[in-house]
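Visitor: Chain residues, written in single-letter form:
Number of protein chains: 2
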Amino acid sequence: MQTLTVDLGDRSYPIHIGAGLLNQAELILPHLAQKRVMIVTNTTVAPLYLARLTATLEAGGVAATQVILPDGEAYKNWETLNLIFDALLTQRAERKTTLIALGGGVIGDMAGFAAASYQRGVPFIQIPTTLLSQVDSSVGGKTGINHPLGKNMIGAFYQPKVVLADTDTLKTLPARELSAGLAEVIKYGLIWDVEFLSWLEANMDKLRALDPVAITHAIHRSCEIKAQVVGQDEREGGIRAILNLGHTFGHAIETGMGYGNWLHGEAVAAGMVMAAETSRRLGWLSDADVARTRALIRAAGLPDVAPDLGVDTWLEYMGHDKKVEGGKMRFVLLKKLGVAVITGDVPADVLTGVLTAPH
Amino acid sequence: MQTLTVDLGDRSYPIHIGAGLLNQAELILPHLAQKRVMIVTNTTVAPLYLARLTATLEAGGVAATQVILPDGEAYKNWETLNLIFDALLTQRAERKTTLIALGGGVIGDMAGFAAASYQRGVPFIQIPTTLLSQVDSSVGGKTGINHPLGKNMIGAFYQPKVVLADTDTLKTLPARELSAGLAEVIKYGLIWDVEFLSWLEANMDKLRALDPVAITHAIHRSCEIKAQVVGQDEREGGIRAILNLGHTFGHAIETGMGYGNWLHGEAVAAGMVMAAETSRRLGWLSDADVARTRALIRAAGLPDVAPDLGVDTWLEYMGHDKKVEGGKMRFVLLKKLGVAVITGDVPADVLTGVLTAPH
Ligand SMILES: NC(=O)c1ccc[n+]([C@@H]2O[C@H](COP(=O)([O-])OP(=O)(O)OC[C@H]3O[C@@H](n4cnc5c(N)ncnc54)[C@H](O)[C@@H]3O)[C@@H](O)[C@H]2O)c1
Ligand SMILES: NC(=O)c1ccc[n+]([C@@H]2O[C@H](COP(=O)([O-])OP(=O)(O)OC[C@H]3O[C@@H](n4cnc5c(N)ncnc54)[C@H](O)[C@@H]3O)[C@@H](O)[C@H]2O)c1
Ligand SMILES: [Zn+2]
Ligand SMILES: [Zn+2]
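Residue numbers (the UniProt record's numbering), protein chains in the order written: chain A, 1 to 359; chain B, 1 to 359.
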């Protein structure tokens with residue numbers, strides 16, 4: 001097991017990464033204000049891991065109830081969130097009752113927002129079970145739900161007490177979902193650490209085969225980079241935005257194609273290629289850099305070509321993005337591989353070129 | 001105009017109290033991150049004050065849009081909150097767009113929660129137009145909505161940038177609502193300041209007649225006391241709970257009688273008499289103290305007798321209260337007039353006695 005601390009003053013918390021963590025009550029018990037928890041999970045994850053987690057908790061003397069939500073991004077909305085509130089109120093959950101998210105990013109985001117909002121805040125623990133949620137949503141405290149007019153538009157910044165990333169849970173994850181998680185892992189290399197990028201190129205096959213040493217390293221290094229960025233900018237005023245590499249394009253793909261048809265990671269992968277392509281047109285990346293980016297993304301089993309939404313649709317869905325400021329669009333681009341930059345100065349013709357080029 | 005600062009470190013903010021503040025753009029302008037605001041108000045307050053506020057803002061160069069909600073506690077729910085999100089998204093409000101609450105506590109709580117949650121937090125300004133919201137909800141940062149199973153169960157702690165309590169707006173407030181606000185004013189005397197309690201006894205007629213000097217003093221002293229308590233305990237771990245004097249009983253009355261039939265302040269008034277009565281049975285208050293409490297409450301035009309809900313209903317609705325901890329009910333009582341105490345040790349027979357006595 002490897003452990004890393006997300007440093008946020010009195011809201012700091014540890015992330016434990018390794019195999020078999022679901023069996024280790026001692027990782028959870030010290031963080032409970034009361035020996036009472038409610039586990040939030042979904043219909044896919046419950047049959048796989050709920051019994052094991054419940055057994056671990058009960059062996060530790062913890063009373064555990066659960067709420068099992070329907071599975072899917074399409075359910076990341078108020079109606080589903082309300083099922084959590086209904087369960088909390090019906091069970092008369094108290095201010096010290098801990099909410100545990102057991103599942104991917106959708107469960108983590110919803111359970112986190114429910115924990116932030118129920119009685120204006122109850123303790124929260126993350127047990128992410130997808131690669132994407134282990135390397136991304138478990139660090140940084142963003143929680144929330146979608147609105148028909150935009151993704152993640154309603155939510156809170158809310159930190160967990162502890163995160164358990166049990167790499168064993170990845171064994172049941174569909175290959176397509178594993179690849180989606182690798183998109184965010186590649187992102188960390190692109191924006192922050194060109195050595196990590198090279199390491200990924202050398203180890204991509206091992207990662208896709210879930211080699212235990214490789215996958216633990218990749219998760220650890222990803223969380224480390226994200227924690228470093230978030231530690232400097234908890235509430236996203238500045239540098240944190242570099243974590244959105246590929247996301248302005250990606251969100252447009254997700255929205256334009258209908259939530260859930262493209263996986264988040266797939267859309268981000270194609271979006272990162274577009275960001276790299278924009279950077280190339282601005283003279284920052286070479287043809288070879290873009291080719292290297294595309295190759296790594298393909299090696300991870302991800303799309304390096306975005307769907308053709310048409311310029312108007314692209315602009316409309318990109319304009320709804322949270323990175324808009326003063327009506328002007330800001331982009332996360334690459335100054336070189338391993339170095340991200342945030343800019344509001346992308347000439348219209350460069351942007352249009354990227355949006356209309358064969359993606 | 002009087003000004004007071006709520007001291008919460010980097011979330012500190014000023015409260016301005018006085019006549020004609022709605023006309024003073026200079027009180028608002030320094031707090032805007034962007035010259036763009038959305039005013040949240042309701043169908044009752046809009047015809048009275050929306051044009052004036054909008055004119056003041058526009059004279060200051062601020063682009064102001066609005067969303068007008070249906071009026072009433074019954075609408076303090078997700079559906080209505082969502083009208084705010086719909087408006088924000090339809091108007092493409094950005095992260096620096098300020099939400100301004102113009103109305104009573106219902107509007108303040110909903111607009112505040114919307115500001116806390118939209119894009120995980122946008123700036124927020126309170127312009128409370130009821131006495132209750134001027135002396136209570138404008139200090140402390142509690143925001144939220146109701147759930148069918150309990151009041152204020154979903155929300156956030158979120159501080160405004162500035163609060164404007166324009167005493168002129170109270171001139172259109174129905175007398176019953178003014179009295180409801182006086183319940184919270186009396187509460188501050190009971191829990192914190194027996195001299196202020198005496199001052200209230202001497203000035204109750206002036207307050208009900210909206211004498212400008214008296215009403216400004218009452219609001220100022222109330223906010224001062226609340227700010228002092230909240231400053232010691234922003235997230236309600238300890239002493240802040242004394243602000244809930246009468247509220248455990250009061251919430252049971254509100255729920256038991258159906259939201260909106262008893263005003264919040266009326267329920268709290270009757271609840272404070274029950275708290276005083278409980279304190280008397282524990283030997284802390286004298287018969288004269290309780291009589292004095294009842295007299296002041298009646299002088300404010302408030303009920304000093306609770307409805308007879310029946311013990312089971314009382315206990316059920318009191319049990320859903322947020323002050324429950326470890327399954328045990330905690331009460332805010334009076335050690336003497338002007339001194340509140342929080343206790344989990346009310347013998348069952350004392351409680352039952354209070355709940356079954358002629359209220
Ligand atoms: N909060 C943040 O900072 C943050 C960051 C990135 C993404 N997100 C959000 O996360 C979501 C995407 O997360 P995701 O990719 O984990 O999607 P997901 O939660 O939908 O999980 C993907 C699928 O895998 C299933 N699953 C989960 N664990 C499994 C396991 N161990 N075995 C088999 N199946 C399993 C899920 O039930 C689901 O069907 C999006 O809503 C996105 O907005 C949030
Ligand atoms: N956040 C907090 O800390 C806090 C504290 C106390 C109460 N509250 C909440 O506040 C709410 C009660 O607030 P309230 O008593 O202001 O009720 P309210 O907001 O419902 O206002 C009472 C009535 O007066 C009308 N009104 C408002 N201003 C007016 C004016 N100037 N002239 C004429 N009519 C006017 C309103 O439209 C409404 O019909 C409850 O929901 C309660 O939970 C919150
Ligand atoms: Zn992402
Ligand atoms: Zn109150």
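These are computed hints drawn from the structure, not numbers from a lab.
Mixed in with the good hints, there may be bad ones.
[As the list claims (entries may be wrong)] Here are some, though not all, of the chain B residues that point toward chain A, as calculated from beta-carbon distances under 10 Å: (1) A46; (2) T80; (3) N82; (4) L88; (5) N152; (6) L282; (7) W284; (8) S286; (9) G319.
Just so we're clear, the structure is a prediction, and the values are computed from it rather than from any experiment.
By construction, the Cβ of each residue, glycine as well, lies at the ideal position given by its N, Cα and C atoms.
Visitor: It remains to establish, for every hint, whether it holds in the given structure.
Guide: Do the hints match the structure? See the list:
1. A46: violated (24 Å)
2. T80: violated (12 Å)
3. N82: Hint holds; B/N82 Cβ to chain A Cβ min 7 Å, cut 10 Å.
4. L88: holds (8 Å)
5. N152: Hint holds; B/N152 Cβ to chain A Cβ min 8 Å, cut 10 Å.
6. L282: violated (25 Å)
7. W284: Violated, because the Cβ-Cβ distance from B/W284 to chain A comes to roughly 27 Å (cut-off 10 Å).
8. S286: Violated - the Cβ of B/S286 stays beyond 10 Å from chain A, reaching only about 34 Å at its closest.
9. G319: holds (7 Å)
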